[in-house]
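Trainee: Protein chains in written order, with this note's numbering: chain A, 1 to 282; chain B, 1 to 298.
These aren't lab readings, by the way, just hints derived from the structure by calculation.
None of the hints are false.
List of simulated lysine-lysine pairs, DSS-like, C-alpha gap at most 25 Å: (1) LYS96(B) with LYS94(A); (2) LYS75(B) with LYS281(A); (3) LYS199(A) with LYS14(B).
Not everything, but these chain A residues come out facing chain B in the computed CB check (under 8 Å): (4) GLN5; (5) VAL104; (6) PHE105; (7) ALA106; (8) ARG107; (9) PRO108; (10) SER110; (11) ASP279; (12) LYS281.
Built from N, CA and C at the ideal position, the CB exists for glycine as well.
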Amino acid sequence: MVFTQQLRGELRKLFARPRTWMGYGAFVVMEAVILAVYKLESSQRHMRGLVERNGLEFSTYYSSLTITFTIMLLSMFLLGSIYFALVAGDIVAKENEDGNLRMVFARPISRLRLLAVKYTAVCLYTFSFVFFVGVSGYAMAVGAVGWEGGLFVMEPKMKVFAAYPDWWEGAGRLALSAVGIGISMITLSSIAFMFSCFKIKPAAATIITLTILFVDMILQGFPFFKPYESYFVTWRMSAWVFLMEQHISWPKIVESYALLIGLNASLFTIGWLAFQTRDFKT
Amino acid sequence: MLEVRGLSKAFGGKPALKDVSFRLEKGEIYGLLGHNGAGKSTSLGIILGMVAPDRGEVEIGGVSVQKHRGRALAKVGAIFEAPAFYDYMSGWENLKILMGYSGGFDAMAAEEVIARVGLEKRIGSKVRTYSHGMRQRLALAQALLPEPELLLLDEPTDGLDPEGIKWFRDFILGLRQEKGMTVLFNSHLLAEVELMCDRVAILREGQRVFEGSVKDFRDELPVYEVELEPWDYVQTWIRQAGGEVLGRGKISLPVAMDPAVAVEGLVKAGVKVRNFAKVRRSLEDVYMEILNGKGSPN
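The shape of chain A in the complex, shown without the other chains (with noise of 0.2 Å):
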């Protein structure tokens, strides 16, 4: 009860904060700039050209749900890293700056519940942003394209190839990747926290969050690293392309994300030593 109580103060401040409605308004930018792309005849051309070589019909395939996959693949990849390591990098380097955390600490709260209700919101939050990114893009992409039509998947680099012709299936397919991006991205988030409770400024918190990540994309994408893949990451974390697969295969599935919340665990609990170990001045 008191937990439900300090996380909804901790959701409160994450929502009353401009910049958080900022980023909403950023990813509503970005998914109509995806969709102004989509519609451009060059871009159909080359998707029709996609469909068509795989013996299936480009009006099904060019539809809402396959806008939306498009949609929370990019703006995910391209605005999603940058705003959850934001966000997460912030939640408690920002609050030790700004001295809010002083008032805290006036209470009779342990750090490792402080941070716990802080986590537990980040984790919220990236989760229901990922929701909101695939909700709006749909939305978007219905007043753009209509709402019939099925689902064309390809992720080369991951080798993911379906179609899915029925539009239950499909869009039971974006949700179930939907939840499978927000347990990616929590990882991502918790990089970033791990960094936040350290003694460092909120936007160093931030940057080293997205320089690891992108190295690790960088070198996973060499082929000497190749064979190694699996040890990436950035290759774990896009383990939920393996949803869309016509047969989906749980053991791959479970393997990643067993890792991922090891990984997630792990970080959070590097966190909470170097925060416990901390003195905080008055």
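Fit chain B to the known structure of chain A by using the hints.
Mentor: For chain B alone, coordinates are given in the frame of chain A:
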């Protein structure tokens, strides 16, 4: 109510506190004085469990802050210099969030406290629109909401106008009278300390160099204006008696020495006593003398 025992703390090898102890009885207002960097804020940080001491312990109501922080701070309120609220939220929302960390928010109790600190008209406004005085009132409200038995005040009147300072002082004195609240008052405003505190401690370079009542504080190192002859002999006599010659015609005597006894001794030694009058000094003079190392550490 509050017992601080043998606190020592160093930051990066540089000592900030050296074996500091003091004790506050229930209903007492205790002043902690010292220059910037003397260790006042570090002491407060340790009392609140924000800073881990290298040695020593703090107990609030018999509960160790270092071992059971949550339980020890359950009935503690604190106000800091320039309190940092969530500026983008209203005063009411700030109280709600902060009270969430104290175990729950009681809207009725909050309304009562807000009215008491005189913030009822602006409690719904964003904190960023508050003046410094209003922020301090909000800080007071958040400190009072958990119905504290111990109030920790860290330079609470800094930056307030004289009217604000007086309001704050009267408010705290009223709380003590009404609820028997114990207060630790960390400040460098000597006039405020004199008007509010029952006892004071002075910290210098992390060490407690004085502790006593405000009256003791004034009487520390009593200074006398004198006309005594022969002056050379008088200087030797004063020093032998444990006093100090502060200049031509100005001496101090040990606190324990009755000036009448000193005069009697001087007369017996053949000194001509034409004048021997105690100098009324400001609290600031005494404070500076103690900080400059002339006071007797206790």
